[in-house]
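Just so you know, the protein sequences line up as chains F and S, in that order.
Converting from the first sequence to our numbering requires adding 3 to each position, the first position being numbered 1.
Converting from the second sequence to our numbering requires adding 46 to each position, the first position being numbered 1.
Careful: at least some of the hints might be erroneous.
[As the list claims (entries may be wrong)] The following residues of chain S were derived to be distant from chain F, with all beta-carbon distances above 12 Å:
#	residue
1	122
2	148
3	258
4	260
5	379
6	401
7	447
8	465
9	474
[What the hints assert, rightly or not] Among chain S residues calculated to face chain F with C-beta under 10 Å, some are:
#	residue
10	97
11	98
12	99
13	100
14	103
15	104
16	106
17	116
18	126
19	145
20	146
21	167
22	168
23	339
24	367
Keep in mind the hints are simulated off the structure, nothing from the lab.
Glycine included, each C-beta is placed from N, C-alpha and C at the ideal position.
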Amino acid sequence: MGALQRFALALATPALYPTVLGPLVLGLALGLAGPAHAQLSASAGLQSDYRYRGISLSSGLLAATVDVAYDHASGVYAGASAIGAVVDGRARSLGFIEYLGYATPRRHGLSWDVGVNNQDLAYYADKRYALKYTEVYVGAVGDNLSAHLHYSSNYLRPGYGALYAEVDGSLKPAENWRLFAHLGSNIPVGDTVGRRARYDARAGVARQFGRFEVQASVTATTPDPPSLTPHHRTALVVGANWFF
Amino acid sequence: MILRRLSRAFVLGLSALALGSAPSTGALAAPATTVRATAEADAAHQVLVLLRLPPDHYRPGGAYADSYGEGAGMAARRRVAQRIAADHGLKVVTNWPIPLVGVDCFVMTVPDGQSPEQVALALARDPDVAGAEPMHVYRAQASSQGSGQGPGKALVAGRGPARDPIAGETMHNDPLYLAQPAAREWRLAELHTVATGRGVKVAVIDSMVDASQPDLAGQIQTRQDFVLDRPGAAEQHGTGVAGIIAAVADNHVGIAGVAPQARLMALRACWQEGTSGAVCDTLSLAKALYFAIGHNAQVINLSLSGPNDPLLGRLIDMALARGTVVVGALDPKTADGGFPASHAGVVAVTDDPACTLPGVLVAPGREAPTTQPGGRFAFVSGSSYAAAHVSGLFALMRQRNGKAATPVSLVTLRPGGGAIDSCASLMRGAACPRSGGTSTFARE
Numbered sequence: 004m005g006a007l008q009r010f011a012l013a014l015a016t017p018a019l020y021p022t023v024l025g026p027l028v029l030g031l032a033l034g035l036a037g038p039a040h041a042q043l044s045a046s047a048g049l050q051s052d053y054r055y056r057g058i059s060l061s062s063g064l065l066a067a068t069v070d071v072a073y074d075h076a077s078g079v080y081a082g083a084s085a086i087g088a089v090v091d092g093r094a095r096s097l098g099f100i101e102y103l104g105y106a107t108p109r110r111h112g113l114s115w116d117v118g119v120n121n122q123d124l125a126y127y128a129d130k131r132y133a134l135k136y137t138e139v140y141v142g143a144v145g146d147n148l149s150a151h152l153h154y155s156s157n158y159l160r161p162g163y164g165a166l167y168a169e170v171d172g173s174l175k176p177a178e179n180w181r182l183f184a185h186l187g188s189n190i191p192v193g194d195t196v197g198r199r200a201r202y203d204a205r206a207g208v209a210r211q212f213g214r215f216e217v218q219a220s221v222t223a224t225t226p227d228p229p230s231l232t233p234h235h236r237t238a239l240v241v242g243a244n245w246f247f
Numbered sequence: 047m048i049l050r051r052l053s054r055a056f057v058l059g060l061s062a063l064a065l066g067s068a069p070s071t072g073a074l075a076a077p078a079t080t081v082r083a084t085a086e087a088d089a090a091h092q093v094l095v096l097l098r099l100p101p102d103h104y105r106p107g108g109a110y111a112d113s114y115g116e117g118a119g120m121a122a123r124r125r126v127a128q129r130i131a132a133d134h135g136l137k138v139v140t141n142w143p144i145p146l147v148g149v150d151c152f153v154m155t156v157p158d159g160q161s162p163e164q165v166a167l168a169l170a171r172d173p174d175v176a177g178a179e180p181m182h183v184y185r186a187q188a189s190s191q192g193s194g195q196g197p198g199k200a201l202v203a204g205r206g207p208a209r210d211p212i213a214g215e216t217m218h219n220d221p222l223y224l225a226q227p228a229a230r231e232w233r234l235a236e237l238h239t240v241a242t243g244r245g246v247k248v249a250v251i252d253s254m255v256d257a258s259q260p261d262l263a264g265q266i267q268t269r270q271d272f273v274l275d276r277p278g279a280a281e282q283h284g285t286g287v288a289g290i291i292a293a294v295a296d297n298h299v300g301i302a303g304v305a306p307q308a309r310l311m312a313l314r315a316c317w318q319e320g321t322s323g324a325v326c327d328t329l330s331l332a333k334a335l336y337f338a339i340g341h342n343a344q345v346i347n348l349s350l351s352g353p354n355d356p357l358l359g360r361l362i363d364m365a366l367a368r369g370t371v372v373v374g375a376l377d378p379k380t381a382d383g384g385f386p387a388s389h390a391g392v393v394a395v396t397d398d399p400a401c402t403l404p405g406v407l408v409a410p411g412r413e414a415p416t417t418q419p420g421g422r423f424a425f426v427s428g429s430s431y432a433a434a435h436v437s438g439l440f441a442l443m444r445q446r447n448g449k450a451a452t453p454v455s456l457v458t459l460r461p462g463g464g465a466i467d468s469c470a471s472l473m474r475g476a477a478c479p480r481s482g483g484t485s486t487f488a489r490e
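The task is simple: from the sequences and hints, build the whole structure.
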């Protein structure tokens with residue numbers, strides 16, 4: 004079965020996501036990372052708090068991320084991230100993220116973006132509450148603005164569907180400076196008993212110094228995050244990334 | 047499960063590998079900055095190396111889309127560029143991503159004794175290279191710039207469109223109006239009873255326009271300088287071209303622009319050379335074109351010419367695909383008229399009435415008074431200024447006819463080129479305004 008067929012099958016069969024996506028990302032990176040018009044990039048970063056869609060997964064502790072991304076000239080892309088919290092000088096894993104997608108060449112200022120990503124994360128403070136789900140997404144990306152709609156049929160637990168809509172914007176007011184902002188909303192679908200829509204926002208500034216970038220941003224979410232982890236509705240997050 | 051673990055181990059392992067292979071940052075000059083310490087001589091020893099720039103896309107993770115993907119991708123391309131430069135004995139000078147055409151453009155210096163053309167050919171065979179070309183140089187197409195004159199208030203006085211006491215025709219009160227070839231050949235004031243280019247965005251990609259010129263006061267909506275390493279004061283060619291397109295009409299000063307209510311984007315991609323000429327290069331022009339396209343210019347004026355260039359050609363094609371009119375000045379010294387005039391879809395313009403090249407338009411461009419830096423005026427000639435007239439005419443046509451005003455809607459006196467019938471082009475078959483009609487200025 005070819006990679007595209009497996010990809011199509013994965014899109015059509017949510018239950019297969021966790022078992023297909025990881026190997027597929029790995030296969031793409033290993034099999035296609037030749038020099039012919041492909042881009043393999045990586046970065047490592049530290050953040051004062053790892054916030055995913057407004058919710059702290061690191062309980063406000065320093066978190067480290069390592070990201071690898073592969074972009075093929077055809078528009079196919081894949082990537083993976085490892086996230087860990089630094090506790091008492093020791094790194095503890097918060098989990099992994101893998102994604103695979105396709106972005107069209109830009110026409111009339113827009114490119115279209117479809118893909119699938121798999122999140123296998125956990126709240127640091129209580130590993131019983133894992134953040135495991137797979138979602139497909141579609142979106143449009145412009146010069147300064149992008150919008151994506153995500154759908155998961157197993158958001159946090161089997162049978163819990165969810166849509167996540169997000170808009171991201173960025174501006175470059177000066178060379179090496181970037182302002183960015185994000186708005187997102189998670190909307191339960193299907194079995195919505197006891198589930199409410201959530202909203203999150205983020206705005207910040209980044210400054211690049213060659214291969215380094217530092218960021219500061221404010222994140223907010225509503226309604227209050229689950230009470231199982233101690234964190235605040237809003238937080239100032241600072242971070243640094245190293246691109247190599 | 048085993049495969050999933052492998053994929054996760056791969057993330058960490060590959061990162062470690064990438065760390066180990068990363069070149070020192072000191073090996074690459076500050077890439078996002080335009081670093082061009084010398085002028086035309088250096089451009090002749092540079093090549094442009096185009097690496098593929100993947101389209102932006104979603105990147106999951108705590109850092110939202112665009113927050114780290116751009117930096118990581120840029121670092122990856124710099125690493126590749128550094129490898130390419132080392133393989134070919136080149137030095138990376140700077141880079142500039144152009145998402146519009148999906149490339150990251152690296153400028154590299156060619157060592158003495160090597161031909162940029164030969165180096166570009168060798169680079170093009172590298173599988174990581176999406177394209178390579180020599181840095182080309184372009185020259186403004188002014189045959190004579192004339193000498194600056196005073197503020198030019200002497201010829202005609204009066205307020206608002208007036209009647210020429212001799213011909214009985216509608217005219218403007220600008221003192222040099224009667225000396226403008228467009229006043230005679232295009233009956234400019236009569237065209238202005240129909241349209242003035244109001245609100246149409248015209249990008250002037252040229253040398254520095256003097257925004258303080260009294261006849262350009264308030265006409266420039268946007269200014270950008272893409273020749274940052276050669277800071278310049280107001281320059282002659284750009285100021286002259288801008289005046290012909292959009293000088294203020296009926297202000298008792300100087301001339302009336304062909305489209306006096308157009309909104310100018312003054313994009314400096316050229317620098318003055320000598321007393322009147324202007325020179326640009328591929329990179330500065332690409333930056334200006336990218337800006338013009340990104341800011342929805344409806345007309346782009348390129349009063350310059352040089353060698354055919356694939357990168358600029360792609361940007362021009364992008365502009366044309368968006369419905370932008372691109373006007374280029376013909377170089378009379380080249381067989382095909384030079385680039386960009388020879389590029390498919392570009393409106394090629396000359397000031398030479400004897401020109402019979404197919405598809406080339408003839409417009410006023412000889413002994414035309416126009417704005418100059420320091421509040422002065424001068425008589426200028428050349429296809430640069432003929433192109434400026436046509437850009438102004440397109441602004442009128444865009445105001446009146448919207449996107450229906452395309453190069454094919456220009457009416458010429460002979461099939462396939464030659465002198466433009468400005469009124470027929472503007473009116474699209476409707477009757478031309480009668481002499482003595484009311485100017486749109488009078489209504490506003």
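Now for the hints, and whether the structure bears them out:
The claim that residue 122 of chain S lies off the interface is violated: its Cβ sits roughly 4 Å from the closest Cβ of chain F, which falls inside the 12 Å cut-off. Non-interface status of residue 148 of chain S relative to chain F is broken: a Cβ of that chain comes within 12 Å, the nearest being about 6 Å off. At the 12 Å boundary, the C-beta of residue 258 of chain S stays outside the reach of chain F, the nearest C-beta of that chain being 25 Å off. For residue 260 of chain S, the condition that its CB be more than 12 Å from all CB atoms of chain F holds, with the nearest at approximately 32 Å.
Chain F leaves residue 379 of chain S outside its interface by the beta-carbon criterion, the shortest separation being 37 Å against a cut-off of 12 Å. At roughly 35 Å, the least C-beta separation between residue 401 of chain S and chain F is larger than 12 Å, which holds for a residue marked as non-interface. A cut-off of 12 Å between C-beta atoms confirms that residue 447 of chain S is not in contact with chain F; the least separation is 22 Å. Residue-level check passed: residue 465 of chain S sits 35 Å from the nearest beta carbon of chain F, beyond 12 Å.
Even its closest Cβ contact with chain F, about 27 Å, leaves residue 474 of chain S beyond 12 Å, as expected for a residue assigned away from the interface. Below 10 Å, beta-carbon pairs count as interface contacts, and residue 97 of chain S has one with chain F at about 8 Å; its hint therefore holds. Hint on residue 98 of chain S holds. Least Cβ distance to chain F is approximately 5 Å, under the 10 Å limit. Nearest Cβ of chain F to the Cβ of residue 99 of chain S: about 9 Å, under the 10 Å cut. The hint holds.
Using the Cβ-Cβ criterion of 10 Å, the hint placing residue 100 of chain S at the interface with chain F is satisfied: the shortest such distance is roughly 4 Å. For residue 103 of chain S, the shortest C-beta to C-beta distance to chain F is roughly 4 Å, which falls under 10 Å, so the interface hint holds. A cut of 10 Å between beta carbons decides the hint on residue 104 of chain S: the least distance to chain F is about 5 Å, and the hint holds. Of the supplied interface hints, the one on residue 106 of chain S holds, with its beta-carbon coming within about 5 Å of a beta-carbon of chain F, less than 10 Å.
The beta carbon of residue 116 of chain S is positioned within 10 Å of a beta carbon in chain F (closest approach about 8 Å), and the interface hint is therefore held. Look at residue 126 of chain S: its Cβ gets to within about 8 Å of chain F, closer than 10 Å, so that hint holds up. Here the hint on residue 145 of chain S is kept, as its CB sits about 6 Å from the closest CB of chain F, short of 10 Å. Evaluation of the residue 146 of chain S hint against chain F yields a held restraint, the C-beta minimum of about 7 Å falling below 10 Å.
A least Cβ separation of about 19 Å between residue 167 of chain S and chain F goes past the 10 Å threshold, and the interface hint is therefore violated. Interface restraint check for residue 168 of chain S: the shortest CB-CB distance to chain F comes to about 16 Å, outside 10 Å, so the restraint is violated. Hint status for residue 339 of chain S: holds, given a least beta-carbon distance of 9 Å to chain F, under 10 Å. Checking residue 367 of chain S against chain F by beta carbon gives a least distance of about 8 Å; that is within 10 Å, so the hint holds.
Hint violations for this structure: numbers 1, 2, 21, 22, all remaining hints satisfied.
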